Amino acid sequence: MPAPIEFPLERDHVELNQLLKLAGLCDSGGAGKAIVASGAVFVDGVVELRKTCKIRADQTVELDGQVIRVIAAH
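Each residue of the sequence shown is one higher than the one before, counting from 1 in my numbering.
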């Protein structure tokens with residue numbers, strides 16, 4: 001299993017499809033939307049189908065065994 005990615009969030013939230021792109025798990029926001037729509041993304045352990053779901057600090061996103069921990073930027 002790959003090491004978790006820590007993503008420092010500098011705003012209130014980031015859209016799920018954009019987070020996948022910014023974390024390097026897909027090439028574009030559109031690709032991120034397709035991945036989310038396929039049911040492959042989990043947010044805090046639950047399948048998330050909303051492509052632009054707002055992800056906030058202290059949430060965890062998982063895709064194909066890769067975990068992204070969203071943390072508050074300091």
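Calculated from the structure, these hints are not laboratory results. Computed from a predicted structure; not experimentally measured. Just to be clear, a hint being listed does not mean it is correct.
What the hints assert, rightly or not - If you anchor each label on the Cβ, the simulated ranges turn out as follows:
id : residue 1 : residue 2 : range
1  : His74     : Ser38     : 32 to 38 Å
2  : Ala31     : Glu6      : 30 to 36 Å
3  : Asp27     : Pro2      : 27 to 33 Å
4  : Ser28     : His74     : 26 to 32 Å
5  : Ala72     : Ala34     : 24 to 30 Å
6  : His74     : Gly30     : 30 to 36 Å
Unchecked claim - DSBU-like cross-link-like pairs, simulated, lysine-lysine; straight-line CA separation at most 35 Å:
id : residue 1 : residue 2
7  : Lys21     : Lys33
8  : Lys51     : Lys33
9  : Lys21     : Lys51
10 : Lys54     : Lys21
11 : Lys54     : Lys33
C-beta atoms are modelled at their ideal positions from N, C-alpha and C, and glycine is treated no differently.
For each hint, the structure was consulted:
Distance hint check for His74 and Ser38: the Cβ-Cβ separation is about 34 Å, which falls inside the suggested range of 32 to 38 Å. Distance hint check for Ala31 and Glu6: the Cβ-Cβ separation is about 22 Å, which falls outside the suggested range of 30 to 36 Å. For Asp27 and Pro2, the hinted distance range of 27 to 33 Å is not satisfied, since their beta carbons lie about 18 Å from each other. A C-beta distance of roughly 29 Å is found between Ser28 and His74, which places it inside the suggested range of 26 to 32 Å.
At about 29 Å, the CB distance of Ala72 to Ala34 agrees with the hint of 24 to 30 Å. Checked against the hint of 30 to 36 Å, the C-beta distance between His74 and Gly30 comes to roughly 32 Å, which is consistent with it. With a CA separation close to 10 Å, the supplied pair Lys21 and Lys33 stays within the 35 Å bound. Distance hint between Lys51 and Lys33 is fulfilled; the C-alpha atoms sit about 5 Å from each other, no more than 35 Å.
Proposed proximity of Lys21 and Lys51 is supported: the alpha carbons are some 12 Å apart, at most 35 Å. The suggested pairing of Lys54 with Lys21 holds, with an alpha-carbon distance near 14 Å, which does not exceed 35 Å. A distance of roughly 13 Å separates the Cα atoms of Lys54 and Lys33; the hinted pair therefore holds under the 35 Å criterion.
Hint violations for this structure: numbers 2, 3, all remaining hints satisfied.
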